[in-house]
Amino acid sequence: MEEVMQSKVKENKPGSNSLKNRMTDWIIKLVLFLIALTCVLPFVHVLAKSLSNEAYVIAQQVYLYPKGLNFEAYKKVFSDYSIIRSFFVTIFVTFSFTLTGMILTVCAAYALSRKHLKGRNVITFLFMFTLYFAGGIIPDYLLMNKLGMLDTIWSIILPLAFSPYNLLIMKTSFQSSLSDSLIESAVIDGASQFRILRSIVLPLSKPILATITLFYAVGRWNAYQDALFYIKQNINIRPLQLKLYYLIATSTEAVNAAMEGTAQYTNPEVLKAACIIFTTLPIICVYPFIQKYFVKGTMIGAVKG
Amino acid sequence: MKMVKNDAGVLKVRKGFLYYIKKDWQLYTLLLLPILFALVFKYGPMFGLIISFKDYKIIKGFLGSKWVGFDVFKKIFEDKKFWEACRNTLLLNGLTLVAGFPMPIILAILLNELKGKYFKKVTQTVLYLPHFLSWVVIGALAYQLFGYADGAINNFIEDLGGSRIPFLQEDYHWLVSYVLINVWQTMGWGTIIYLAAISNVNPELYEAATVDGAGRFAKIKYVTLPGIRSTIVTLLIMQLGRIMGGSFETVDALSNVATTKFTRTIPVLVYRSGILNAKYSESTAIGLFQSVIALILVLGTDRIAKKLGEDGLI
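Protein chains in written order, with my numbering: chain A, 8 to 312; chain B, 982 to 1295.
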């Protein structure tokens, strides 16, 4: 029977058809290749610019490879106190934010994943409601003002540190991966819930912990809206994205090195390009290795949401 | 503890609040800090919404300011800027939806047709890249490429003998660029759900179609697309629900002083009149209006999606 089917399949695929098929394969590959190029070429261009001699950039001759290769722009970036400071601000903020977020999310997700917990649905609703309705920009801002957190680093660490969306994903994951009998037997053995969380739940949930950690960290690394709203006067604590924002938005936000005399020889375009690469490089280097966790988390979120 | 008789006449213990606290105090302890965070940072601002019904003065505070009923809303509804912001929000989100919705579906189908594993993996990874970029960087890249005076694309066009195009410096060009950049940013990541849906299509259907002599396009048309139809419908409805939502960053990162016609969306207006000009009551009311409409749309479309989803499953 199978043989008959196979021969029939072959009959339906004469030589010309398979040639057509291979042609289609190549066309599909070509189309996808071109679309993928649109994601890569912008960086190739900016990288080329950042490594070029200013004269070529001013003459608008730099496209995809550097002309007059040099690292002057990067030297300036790395010797600029304000950029390096912003970089460390971002690292500190991302770290504290992610740590806070993870502690809150793990605690809430574990407690809410216990089905017998009285009031579980009410508390879950309390968290989930905030996904659909929020005070908005101005009430958030006034709250920051009231708490005295404007122009402090806490304004970009605390308010967003607890994400109900991430809680939802982690809770869903806990519910499907942790068996109730395992937890119950630990309870019978006299383990406290804190002990269970530390010694059983966390070691068993490494993939989802990695996923949510990365959600928090990459989200914080990339966000600039709250920093733009809350950090106005205190330029010492501008995170990197905000620094880049002002650098791009206003040419008055000059790099210090450029301001001190050498300005006339410095084309801000090359420096801008170097700053873009400097801001983005950590993400570009890391994301190919972490994307699978993102895919996983996105799938859990999509199934639930 | 109270003893209560239920319908069957059996004595049942109805346990009090304290009983559960005592039994599960450890779990409740774990919830304390998260609840505190939600109350302060999520519900706190909701309390602040009352100032859209007040004539808010910082010196008098939230409670001390005078109630004015719906006066603030009356005022913003008479404001041309407000309606312009509503129009822009709908226009930008609507165009992005129309142009951007089919892209992930097309890409997912194309990716699914690929046979070589390596090429597919690399392409997917590259297509995911824009999802991991901040809007500041995307805005910066956009100006590096599409800038009028020195953008690479315009340099190239001039090299070829053409004349420069104000991609980002003229209102209607800006609108098209905004939509395309948003489509570009979301298309790769959007394939994930569709690829998962395609991989759930029963492979026997493809075999049967092959036996029936179906070619590649016939299979896409009669097997793949019907197989992921419910995913497409659900996502479309969900995205329609977000049409009144507004992202500040996407618009702010791409806008400039030359283009003002379409860039003033609701969040941008709220930011400018609220934080920059301290008109707190009005801007809070504008934000509240947007939140309420958005909430109604999300809940409504969610209900429709669930109804259709059930139909699709049976």
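Hints are supplied without guarantee of correctness; some may be wrong.
[To be verified] Listed next, the in silico DSS-like pairs over lysine-lysine satisfying Cα-Cα at most 30 Å (straight line):
hint : chain 1 : residue 1 : chain 2 : residue 2
1    : A       : Lys299    : B       : Lys1004
2    : A       : Lys303    : B       : Lys1041
3    : B       : Lys1260   : A       : Lys27
4    : B       : Lys1202   : A       : Lys122
5    : A       : Lys303    : B       : Lys1098
6    : B       : Lys1096   : A       : Lys299
7    : A       : Lys213    : B       : Lys1101
8    : B       : Lys1287   : A       : Lys239
9    : B       : Lys1004   : A       : Lys36
10   : A       : Lys303    : B       : Lys1102
11   : A       : Lys27     : B       : Lys1200
12   : B       : Lys1287   : A       : Lys299
13   : B       : Lys1047   : A       : Lys303
14   : B       : Lys1047   : A       : Lys153
15   : A       : Lys153    : B       : Lys996
16   : A       : Lys303    : B       : Lys1062
17   : B       : Lys996    : A       : Lys299
18   : B       : Lys1004   : A       : Lys125
19   : B       : Lys1056   : A       : Lys213
20   : A       : Lys27     : B       : Lys1102
21   : A       : Lys36     : B       : Lys1096
22   : A       : Lys303    : B       : Lys1101
23   : B       : Lys1041   : A       : Lys153
24   : A       : Lys299    : B       : Lys1102
25   : B       : Lys1096   : A       : Lys125
26   : A       : Lys36     : B       : Lys1102
27   : A       : Lys36     : B       : Lys1287
28   : A       : Lys153    : B       : Lys1055
29   : B       : Lys1041   : A       : Lys27
30   : A       : Lys303    : B       : Lys996
31   : A       : Lys153    : B       : Lys1062
32   : B       : Lys1098   : A       : Lys27
33   : A       : Lys27     : B       : Lys1288
34   : B       : Lys1041   : A       : Lys125
35   : A       : Lys239    : B       : Lys1098
36   : A       : Lys213    : B       : Lys1202
37   : A       : Lys239    : B       : Lys1101
[Claimed, not checked] Derived DEER-like restraints, expressed as beta-carbon distance ranges:
hint : chain 1 : residue 1 : chain 2 : residue 2 : range
38   : B       : Val1192   : A       : Glu191    : 29 to 35 Å
39   : A       : Leu288    : B       : Tyr1000   : 54 to 60 Å
40   : B       : Val1157   : A       : Leu44     : 52 to 58 Å
Since the hints were derived computationally from the structure, they do not count as laboratory data. If you're wondering where the values come from, they're calculated on a predicted model, not measured in any experiment. By construction, the Cβ of each residue, glycine as well, lies at the ideal position given by its N, Cα and C atoms.
The hints, checked one at a time:
Proposed proximity of Lys299 (chain A) and Lys1004 (chain B) is contradicted: the alpha carbons are some 40 Å apart, above 30 Å. Of the supplied pair hints, the one linking Lys303 (chain A) and Lys1041 (chain B) is violated, its CA atoms being roughly 49 Å apart against a limit of 30 Å. With a CA separation close to 65 Å, the supplied pair Lys1260 (chain B) and Lys27 (chain A) exceeds the 30 Å bound. Our distance criterion of 30 Å between C-alpha atoms is broken by Lys1202 (chain B) and Lys122 (chain A), whose separation comes to about 44 Å.
Our distance criterion of 30 Å between C-alpha atoms is met by Lys303 (chain A) and Lys1098 (chain B), whose separation comes to about 19 Å. Between Lys1096 (chain B) and Lys299 (chain A) the alpha-carbon distance is near 20 Å, which keeps this suggested pair within the 30 Å criterion. Using a Cα cut-off of 30 Å, the hinted pair Lys213 (chain A) and Lys1101 (chain B) holds, with the two alpha carbons roughly 28 Å apart. With a C-alpha separation of about 44 Å, the suggested pairing of Lys1287 (chain B) with Lys239 (chain A) is violated against the 30 Å cut-off.
Annotation: proposed proximity of Lys1004 (chain B) to Lys36 (chain A) is violated, straight-line Cα distance about 61 Å (limit 30 Å). Of the supplied pair hints, the one linking Lys303 (chain A) and Lys1102 (chain B) holds, its CA atoms being roughly 16 Å apart against a limit of 30 Å. Straight-line distance between C-alpha atoms of Lys27 (chain A) and Lys1200 (chain B) comes to about 15 Å, which keeps the hinted pair within the 30 Å bound. A hinted pair counts as satisfied when its Cα atoms are at most 30 Å apart, and Lys1287 (chain B) with Lys299 (chain A) qualifies at roughly 28 Å.
For a cut-off of 30 Å, the pair hint linking Lys1047 (chain B) to Lys303 (chain A) is broken: about 50 Å separates their Cα positions. Note on Lys1047 (chain B) and Lys153 (chain A): the hinted pairing holds, with a Cα-Cα distance of about 19 Å set against a maximum of 30 Å. Proximity of Lys153 (chain A) to Lys996 (chain B) is assessed by CA-CA distance (about 41 Å); at most 30 Å being required, the pair is judged violated. For the hint pairing Lys303 (chain A) with Lys1062 (chain B), the CA-to-CA distance comes to about 42 Å; that exceeds 30 Å, so the pair is violated.
Among the hinted pairs, Lys996 (chain B) with Lys299 (chain A) is inconsistent with the structure: their alpha-carbon atoms are about 46 Å apart, more than 30 Å. Of the pairs offered as hints, the one joining Lys1004 (chain B) and Lys125 (chain A) holds, with about 10 Å between alpha carbons and a cut-off of 30 Å not exceeded. At roughly 53 Å between alpha-carbon atoms, Lys1056 (chain B) and Lys213 (chain A) are farther apart than 30 Å, so this suggested pair is violated. A distance of roughly 24 Å separates the Cα atoms of Lys27 (chain A) and Lys1102 (chain B); the hinted pair therefore holds under the 30 Å criterion.
The hinted pair formed by Lys36 (chain A) and Lys1096 (chain B) meets the criterion: a straight-line CA distance of about 10 Å does not exceed 30 Å. Our distance criterion of 30 Å between C-alpha atoms is met by Lys303 (chain A) and Lys1101 (chain B), whose separation comes to about 18 Å. Between Lys1041 (chain B) and Lys153 (chain A), the direct Cα distance comes to roughly 13 Å. Compliance with the 30 Å bound is thereby established for this hinted pair. The hinted pair formed by Lys299 (chain A) and Lys1102 (chain B) meets the criterion: a straight-line CA distance of about 11 Å does not exceed 30 Å.
Simply put, Lys1096 (chain B) and Lys125 (chain A) have alpha-carbon atoms about 52 Å apart, too far for the 30 Å limit, and the pair is violated. Only pairs whose Cα atoms come within 30 Å are accepted, and Lys36 (chain A) paired with Lys1102 (chain B) is accepted, the gap being roughly 12 Å. Distance hint between Lys36 (chain A) and Lys1287 (chain B) is unfulfilled; the C-alpha atoms sit about 37 Å from each other, more than 30 Å. Among the hinted pairs, Lys153 (chain A) with Lys1055 (chain B) is consistent with the structure: their alpha-carbon atoms are about 28 Å apart, no more than 30 Å.
As the CA atoms of Lys1041 (chain B) and Lys27 (chain A) are separated by approximately 77 Å, the hinted pair breaks the 30 Å bound. Distance hint between Lys303 (chain A) and Lys996 (chain B) is unfulfilled; the C-alpha atoms sit about 41 Å from each other, more than 30 Å. A threshold of 30 Å between alpha carbons decides the hint, and for Lys153 (chain A) with Lys1062 (chain B) the separation of about 29 Å falls inside it, so the pair holds. For a cut-off of 30 Å, the pair hint linking Lys1098 (chain B) to Lys27 (chain A) stands: about 21 Å separates their Cα positions.
Straight-line distance between C-alpha atoms of Lys27 (chain A) and Lys1288 (chain B) comes to about 42 Å, which puts the hinted pair past the 30 Å bound. The straight-line distance between the Cα atoms of Lys1041 (chain B) and Lys125 (chain A) is roughly 41 Å, outside the 30 Å bound, and the hint therefore fails. The hinted pair formed by Lys239 (chain A) and Lys1098 (chain B) fails the criterion: a straight-line CA distance of about 49 Å is larger than 30 Å. Using a Cα cut-off of 30 Å, the hinted pair Lys213 (chain A) and Lys1202 (chain B) is violated, with the two alpha carbons roughly 41 Å apart.
A distance of roughly 45 Å separates the Cα atoms of Lys239 (chain A) and Lys1101 (chain B); the hinted pair therefore is violated under the 30 Å criterion. Distance hint for Val1192 (chain B) and Glu191 (chain A): a CB-CB separation of about 52 Å, inconsistent with the stated range 29 to 35 Å. Between Leu288 (chain A) and Tyr1000 (chain B), the C-beta spacing of about 57 Å keeps the proposed range 54 to 60 Å intact. Here the CB-CB span from Val1157 (chain B) to Leu44 (chain A) is close to 20 Å, at odds with the stated 52 to 58 Å.
Comparing the model with each numbered hint stated earlier shows that hints 1, 2, 3, 4, 8, 9, 13, 15, 16, 17, 19, 25, 27, 29, 30, 33, 34, 35, 36, 37, 38, 40 do not hold.
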